[in-house]
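Asks: From first to last, the protein sequence lines are chains Y and L.
Just so you know, we're using our numbering here: the first sequence kicks off at 1 and counts up by one.
Just so you know, we're using our numbering here: the second sequence kicks off at 1001 and counts up by one.
Treat each hint with caution, since some may be false.
[As the list claims (entries may be wrong)] Some, not all, of what chain L presents toward chain Y, calculated at C-beta under 7 Å:
id: 1; residue: Pro1246
id: 2; residue: Ser1249
id: 3; residue: Glu1251
id: 4; residue: Glu1255
id: 5; residue: Asn1257
id: 6; residue: Asn1278
id: 7; residue: Pro1279
id: 8; residue: Leu1280
id: 9; residue: Lys1283
[Unchecked claim] So the derived list for chain Y, only partly shown, Cβ under 10 Å to chain L, looks like this:
id: 10; residue: Gly38
id: 11; residue: Lys58
id: 12; residue: Asp200
Hints were generated in silico from the structure; no laboratory data involved.
For glycine and all other residues, C-beta sits at the position ideal for the given N, C-alpha and C.
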Amino acid sequence: MRETSPYKPVKQKRQALLLFLFAFLALALGFFGNLKWGQAHVSLLTLYEAVTFQGEDKAHLYIQTLRLPRTITAAIVGVHLALAGLLTQLATRNPLASPHIFGINAGASLAVVSGLVLVDGLSLFGSVAFAFAGASLGALLVWALAGSQQQKQYVRLALAGIAVHFLLSSLTEGMIILNQHSTDSMMFWLVGSTSEAAWDDVAALLPFTAAGLAALTAMIPSFRLLILDDAVAAGLGGRVALVRSVAVLLVIALSGSAVAICGPIGFLCLIVPHIARYLIGEKLTLLVPLTALLGACLLIYADLISKFIAFPFESPVGIVTAAIGGPFFIYLARKQRRNAA
Amino acid sequence: MLRLQLKKLITPVLIGMLALALAACGSSNTNAPASTGDSNSTPSSAPFEPVVIEHELGSVKLDKAPERIVVMEFSFADALATLGVQPVGVADDSDPGLIMDEVKDKLGSYTSVGSRYEPNIELISSLQPDLIIADLNHHKNVYEQLNGVAKTIVLNDHQADYNTMLANYEVIAKAVGKAEEGQKRLEEHNQIIEEAKGKIKNADLSILPAVVNPKGFFAHSDHSYVGSFLTSLGFNDPVKDETPYPQLSLEQLVETNPQAVFLLPTEEVTIVNEWEKNPLWDKIDAVANGKVFTVERRNWALSRGLIGSERIVQDLTANLGE
Chain Y
1 MRETSPYKPV KQKRQALLLF LFAFLALALG FFGNLKWGQA HVSLLTLYEA VTFQGEDKAH
61 LYIQTLRLPR TITAAIVGVH LALAGLLTQL ATRNPLASPH IFGINAGASL AVVSGLVLVD
121 GLSLFGSVAF AFAGASLGAL LVWALAGSQQ QKQYVRLALA GIAVHFLLSS LTEGMIILNQ
181 HSTDSMMFWL VGSTSEAAWD DVAALLPFTA AGLAALTAMI PSFRLLILDD AVAAGLGGRV
241 ALVRSVAVLL VIALSGSAVA ICGPIGFLCL IVPHIARYLI GEKLTLLVPL TALLGACLLI
301 YADLISKFIA FPFESPVGIV TAAIGGPFFI YLARKQRRNA A
Chain L
1001 MLRLQLKKLI TPVLIGMLAL ALAACGSSNT NAPASTGDSN STPSSAPFEP VVIEHELGSV
1061 KLDKAPERIV VMEFSFADAL ATLGVQPVGV ADDSDPGLIM DEVKDKLGSY TSVGSRYEPN
1121 IELISSLQPD LIIADLNHHK NVYEQLNGVA KTIVLNDHQA DYNTMLANYE VIAKAVGKAE
1181 EGQKRLEEHN QIIEEAKGKI KNADLSILPA VVNPKGFFAH SDHSYVGSFL TSLGFNDPVK
1241 DETPYPQLSL EQLVETNPQA VFLLPTEEVT IVNEWEKNPL WDKIDAVANG KVFTVERRNW
1301 ALSRGLIGSE RIVQDLTANL GE
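Chain L on its own, in the form it takes in the complex (with noise of 0.2 Å):
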């Protein structure tokens, strides 16, 4: 009898202990929290003047600086490092790692409000803000909640190409009361850029970047952010291809045949070490010549910003120049 209610209760038990585990297992790595306290951000020299930004949702009226920031995208957090203004929160995924390193020097400490995804609606609200930046595909369903939070303003990031990310990017410096600063450092990076594009050869060249991980190779046409990027530079998108980020097979890769080829991976494993093995990786054109690199994903396809683009052309004529 007793040994029956024993048995009843072991099976519930060391499920809920499993449970437990996994749950404890996959709890985010919660970031350093920043010194809340203390304000952020750098005041801005010049008095503000009252603006109204015009978003993809409405548009808002900031009558003073914004002093605490929070980010919803990696760009944001970019476009804020280059304008020397520190966010209080950066939803970063729960991991800083995916943060470039350049960019996360500028930004100091700050606080993780966790997913891009699936915005912590109490934790950005803790951090009292005073303007929410967000991004239309991941957050056009909390709008009204954000905004009840702090003004916020939606912008097309997820599905921006090169030139929204610069128009963007005006409308960011814009919000923050720096757009002379922006101006400059726009014109300072459309140099960075036509340099750079001195300097690489055979431009010419069909490059597919692709961000690959233990399943699948995803390439990035040039609807995607950097596939948009490299066109404007000049280089020829090999998979032509109306969605962003397509699947590709094995078959298709070595059918689209690029002549060099940027792997962005997420794991240190992925498909492309089983790819090598098969006698098909060899005659593709970037493989036989030699062309293939390995270069930061968190540069290329996340920061998404004025510093991703200029890290992504240094690699280029490192990679591609003389």
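Chain Y extracted, bound-state conformation (with noise of 0.2 Å):
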């Protein structure tokens, strides 16, 4: 082995802020393009006209309306997703860990599709409510089940996240399958999409990206922890079930809030995270940050690339993330096993 760890920390100060300042520059040019391209078109005046509110024209109302609370829930959507990815493989220790294991997508999922089916006339807030107890109720069921032992608690965690999720999703195909008229259109939120967002949504996600980012900084010399051995944590005094319990619960506000606007959109939680480890490094003062960038980023051109898929009707964006991810994780899951041999 070359190297205890399979990422090259990047020491040089300069070349950090190079890569955020390049971060930066790549979240710019993709705003600018979804806002620039979409089904209409819409041309450099109007878009400039349109971001400065000056012009009530259809154009200008599409930017003003639709595109511009698209992109933004896409960015925060994307930094929500990321963090949270980045915690669950801390809290678990596992690097193929994303915010599924906690049965989070499952549990909202399965909130969302009955609330479609029992409730008539289910309003936006009335759908994010579900979708946020049903990610929180799927959280502490596998938490339930995994117990607070703290040996082997990775590995219980792990096994029932996979069966609670599979359990919640059996029960979601079931209701669609027994409900089909009235839940035909959940198979477009079930693949996570962002083609609805609307000023309401960002509204709704602002509170938990302010509290979440809040909570996350205050808490990273804390998390710090987490990347330790429990033995030697324990030893220096840490009480890491106690932040373990942080990093869930700052889990599921995260992931939970994302997936109840935008669905279940998969790999982003599980790839950024490595992403921003191979740029930047383990520590965490710098890794927090460029994995939001990263994040915002991804998903914003992934959104971009799912309106020209079926141009020009809307795909899922979670296609594209799945797209791309999928072969990411293989990646992965090759080189874990070359570091462990």
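Two chains, two frames, a set of hints: combine them into the complex.
Replies: Here's what the structure looks like:
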């Protein structure tokens, strides 16, 4: 083994600075692309007028009421999912983990589908509340199954997570089959889509973003404990179980709110932390912000691609993230094995 | 020790209860079962000549008029209703509310054989049918099984346009030994349509029928049943797409800019309630001209037969007539 860590730490400050600058540029470019290109043609002048909120023409309104909130939602959801992925991987010490092992996606999906079937005329707020409640319930169920014993908790967490994930997914499938005509449209949501995001969604997401980021920033010093071996961390006087619980709560808040708005968008949570770690190393004060930035970037570009797969019709953005994420996952798994060997 | 074991027990029990509760919620509301004993179909007056029916997956020879018919699509039920034939079983997705009232009245009591998408072979076979009418798209894979239960006619209904439906209608009429009645009913139908055409002014409007549910707006292009029916009446299809039911975003809808919109909601609250709040909604010609109408989805998009189509022209003349 040439290295202890599979990732090359980048020590030079200047390089880190360049990296952030580049990520910001990419994000800005992605924003521009998403605002400029869509089903209707919009000229650069109109785009400028629209973002400075002068003009009330159709084209201006496309930007102001549809593309802008959609892009912002994609960016926020990207941040949420990437950070939730990073925290999951830290809390479970499993580099291939993503929030769905807490049953979050499956719980939210089941709740939204049940809501659609059982409640007539479910509002946006209602379905978001349902999804969030479902996400939390899924996580609670996994936690209850895994138990709180210290030893081998990671293994049991993963097993319980997969079991609950499949249980809840099967119930969701059952509901869809039994109520086919009223759940047709759910397929779009179940793959994860940002295409209907409006300002209301942005407003619904922002409190979670603000609270989540604040809590995360405050907890960064404590989260370092999660990188250490449990015994070492305990020896240093850290309350590992408590820190881990906080991490899981943050995962629920971040990914639960994202799933509630956009449906379960796959693979993003898994791959972004790895890319960020590869670029900048394990230092959390740098890793967390870069993960967030790259998460936003990736989802914005995936969203842009999703508009053009079946142009002029929308495809769910989850298809794009899965197409990028699938091969990457296999690459990671193979790499892990090589490192372990 | 005991506490630990109890704890071990509780979680699976809870999960089991959850699963049960959900299964109970999802269970289909069974339709009032028909009296399967007596013959439901009216015997035809004329003696039945043995016929060979050509269909999408082969041909079937019928020696006598079928008396116990199971239909696997709404439009077949519509067709039988016009011919005064009562099927013993109908695939109504376990929701009789999806069949339009007029058809339901004529069908009388029937046994629901469940989903149109996943036919319940056991249930169908328990009705001891002597004819099954199935759809090419949904039932191609179970054709052999259905044919094992009873003689099966497979028609292309799910992707049929208006003219295909008319052709299918003649096949069905012939199969139940009512070719003549069928012909008469078709002429009647054509007359109704012609009359309606006279009443509808500016029939060159671009009209967009669309199924709307809480998550999406599904336009029906001229490759769909309703769309093709509307173009056959002279209206224009604003979507012009190869796919029958493209899902439109608000941006696309505004770009499409139909002059009249007929909404076919699946539920009370749909995506349109959200879209109406957007200033873009008012930029659509149909909205500006006050030509957005809400009509019944089961009449427009599910029935897909003569009765359904006649209701469509009624809605059209009521809303777009003089």
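Asks: Indicate, hint by hint, whether the structure satisfies it.
Replies: These are the hints, each one checked on the structure:
no.	hint	result
1	Pro1246	holds (6 Å)
2	Ser1249	holds (6 Å)
3	Glu1251	holds (5 Å)
4	Glu1255	holds (5 Å)
5	Asn1257	violated (9 Å)
6	Asn1278	holds (5 Å)
7	Pro1279	holds (6 Å)
8	Leu1280	holds (5 Å)
9	Lys1283	holds (5 Å)
10	Gly38	holds (6 Å)
11	Lys58	holds (5 Å)
12	Asp200	holds (8 Å)
The structure fails hint 5 only (numbered hints given earlier).
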